[in-house]
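Asker: From just these sequences and the hints, can you work out the full model?
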Amino acid sequence: MISADDVDSAVQQIIPYLEDTSNDALKSVYFDGWFGGLAASAVLRAIAEHPPPSLLEKFDKIIHIDCSRWTSRRALQRAIVDELNLTQQVAADFDKQDEENDFNGVEQGSRAEIAGVARVIAQSIVKYRCLVVFHNGSDGMVDLTNFGIPQPEFFNTKVLWSFRGRFRLNDQICRKVDNSNTHIFLYADAAAAVVSCSALVVEESMEIALYTHKLGIDVTPEIATECCMYLLPLNCYGSGFLDYGTLTYNGAAIDYNWATHASSYWVCDGIVQGGQDNRAWELARALQQQMRLDEYSPNRQARHLGYTLTIRTKRHWVSVKSTLQSISSYHLRDFTPRTTSLFLVLYSFSSKRFPSNKFHEAGQLRVLKLCHCSFSFSSPPFNCCPNLRFLGLDSCVDEQQPSKEEKQTGARAVQTFQRLWVLDVSHTDWELDFPAETEEPVVATDIREVHINKGRIWRSNLAWRRLSNLHKLRVVKPTSSWETGRQDEFMDMVKLELLDLSRNSTMQVLPNLSVATNLKTLVLDGCVGLEHVGPQGLPPSLESFSLDAGAGGRDNKNKARISRISLAGCARLEGFRLRGSLQELEELDLSHTAIKMLDLTDEAPVQRLGKVFLVGCKQLRSISWPDDVSMCQIRLLCIDTREGGDSLMVKKPDSSLVFQGKGNAFVAMADMRFLQSIGFLLSWKWDRFHGKKIDLCFSSTSKKDDARPSYKKKMSRPYSSTGRVAAGLPLPKPLVYHDRTTEQQITAVIDGSGSSSAMQFQPLDFHVEFGEGISDVTNPVSTKRLLEAITYMLDKVESLHVHDSSSITTVTPEHVVLQPGWGGMSFLKCLQLICEVKMLAPNLETIYIRGCWNLRHLPATDGWRRQKGRLVAVDCEKDWWDKLEWDGMEFGHHPSLFQPRHSKYYKKRHLRSTVLR
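The opening position of the sequence shown corresponds to residue 1 in full-length UniProt numbering, with each subsequent residue numbered one higher.
Note that these hints are calculated values from the structure, not bench results.
You may find that some hints are simply not true.
Straight-line distance between alpha carbons at most 27 Å, and here's what the computed DSS-like set of lysine-lysine pairs gives [claimed, not checked]: (1) K214 <-> K559; (2) K557 <-> K477; (3) K618 <-> K520; (4) K477 <-> K596; (5) K472 <-> K520; (6) K559 <-> K454; (7) K27 <-> K96.
Now the in silico label distances, taken between C-beta atoms and shown as ranges [as the list claims (entries may be wrong)]: (8) Q633 <-> A436: 33 to 41 Å; (9) Q276 <-> S110: 41 to 49 Å; (10) E153 <-> S505: 53 to 61 Å; (11) S138 <-> E440: 29 to 37 Å; (12) S505 <-> T145: 34 to 42 Å; (13) T336 <-> V515: 43 to 51 Å; (14) Q487 <-> E100: 40 to 48 Å; (15) S138 <-> Q415: 47 to 55 Å; (16) H360 <-> R69: 39 to 47 Å.
These numbers were taken from a predicted model, which means no experiment stands behind them.
Glycine is no exception: its CB is placed at the ideal position from the N, C-alpha and C atoms.
Answerer: Right, dumping it as structure tokens:
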């Protein structure tokens, strides 16, 4: 323990521990701050940014790493790189590994450090004496050696660090500090800092203001300090009955819910000025996001700080508790005309009244939360508070029967509601008698947020469009339905940003939200009565969607009924969360969204899921499917991640046109690594009688080239699905060629606009196409998992089409050589070999080649073909045929075993492709 009462004195007392570089000196110093975490981050920053000359004599470099807002180990390594100005040197390593993690489905928080980057970091600083100042925002110890920092025990390196920062005052985290003999644990004596406790809060607040300022939001240290001062005294007086989260005592409970409402408290109380201005709410929200309020639960020392602050500052924020049969003026002695925020909890409903005259004197009251209180709902005592902006009611009951006039109008209650900016109702039925919509279409113009949990504020029902200024609406498990039965209940709510309708189990149809053009977050957890979601009625502005159906229950009483989820066209959608038992789900459509990594592993059994659409998802890198569910029940899978896919309008297929049987997959991907996400397709049992069809297309674009003729028209005989044909099945738009029959079939499946002629084409069982932008397919692998997937795919492929690549030099691995009837290549100006080894394809029937001017060898075949007159057809340019090299008849490689067919088109007009069958 050090005896310091401010940041400067703490710095002076910590410096000697850092300057001690003797062999037996401790290599790591941990500082915990005052009052269980306060101002520790400010001390570390002061040492890192303003080191005394004596410290600079001991160390060549001071490396300041601020990860107080923890993201991942990868982000920590990035912070080290940025601090050492190595960003340009290792940027490619980060980009490459991030891309690999995207395709492997590794979440951001799970991304680890990179060994190659660690070596670069170590090489850049190993020759220096380094002091590392580290703000550790994680939940455990971090060994910086793994990130490239030279090991303190063997190099001239010391580490000063802390778990604290951003108002992280919980008393559990410091217990995770390593007790080894390489660490020293320092903390400041709180008793020595009682006089200067306000100054310490200012230091902590300045840190938070600095973080917010880096985001481009101008929060003054004074505002940040006031916001912190608001939290500390209230939470300390709540000890034993008020705390972050919920503390229960004698059956009563109150919840500050800092994580949700802190910013609203600050604006409504007037700490952040300009409540009617959106910028005030944005500023307060940004400030809250820089604080660790998700785990804000002060320890004993922090509570002591709160008491001290209350006594010394005489704040006008009051928290009152009472366990007596009645509440007296004594309990409300701190509730004065200057009070702006009041949190009141009673532990007994037998207390029928509390001094309502106090509210007549509360002209400045702006924030009020009542827990387990009873009052007249139709004529609330706080109606006389003209400046009331935040009202919270938790487990409150109606005290008495209102008069006939009050019961008919409830005018006072409605007047109170109309003055509010934020309403938070929990376990309370406060039935507001709103005037008829025909009389007053809009009932409130100022209220921005309504939060309801197991309660209600309506008597019969409520069309939320009557609250046109709403930005956030949460209606969680209401005690009665708010629905009017009309689809326009959210009409004209253009300001709505968040809509949470969780546990509205009776809701069967989601209201039309298409006009809510600013809606970003939609939460439907527990809405088991819904039959479908979208695609009509959803705005393109949606960024996050969540539906957790729960376990469903043994008796299926709470079983989710939803059969179709379609968010197609929500171009900004990045966050998609689907969990729980979805036994009735048949179709999932996330086409034309911005989803990057789709995680479906939290789903319970989805036995009926038959159709999945992800067309036009250019950002899609990986899909994690349910582990415990066989995906064999999928009848139609359509995925397209290529550029240009966003121009496609996806329509559902006509059931009469979808292939009968199980397993029809059409997947077009811009990167071969995406193959890892559809590995379950390759595990399907291949049985022609079951009608499984797979079409895989690897290409960076879905653009057309209408100037190219159809290769099928150049062949002497049509293709059929009985042989293994090198023909491209374009998906969902033709890449290179235009096979009318094929196009109609795929259009029929994806667009539902095909004709009867489409059914004349029977698709290949397993077709693979490599197109523009795909690199050499013999060595594209970055993981063992991908290599196995490619090998498995090419072992089963029945048709291969490779085209439009300037980088492919070898078409296919030797796994495919033994497959009967295999064939396929395309326009590859650098192509030199069909296989890295000389290839024998005895069952090869047809080769179609265009534009492969560097190719000199064809696959060898059996000599019996000449005897039986079944020569291998080669459709190619005559100039190319004349330059081929041959190994001789004894090797099955002689011109007499092949039958060339030369196109009548000139080289410039030739189709840029090669096809084998």
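Asker: Please name the hints from earlier in the document that this structure breaks, with their numbers sorted from lowest to highest.
Answerer: Hint check: 1, 4, 7, 8, 11, 12 fail, others pass.
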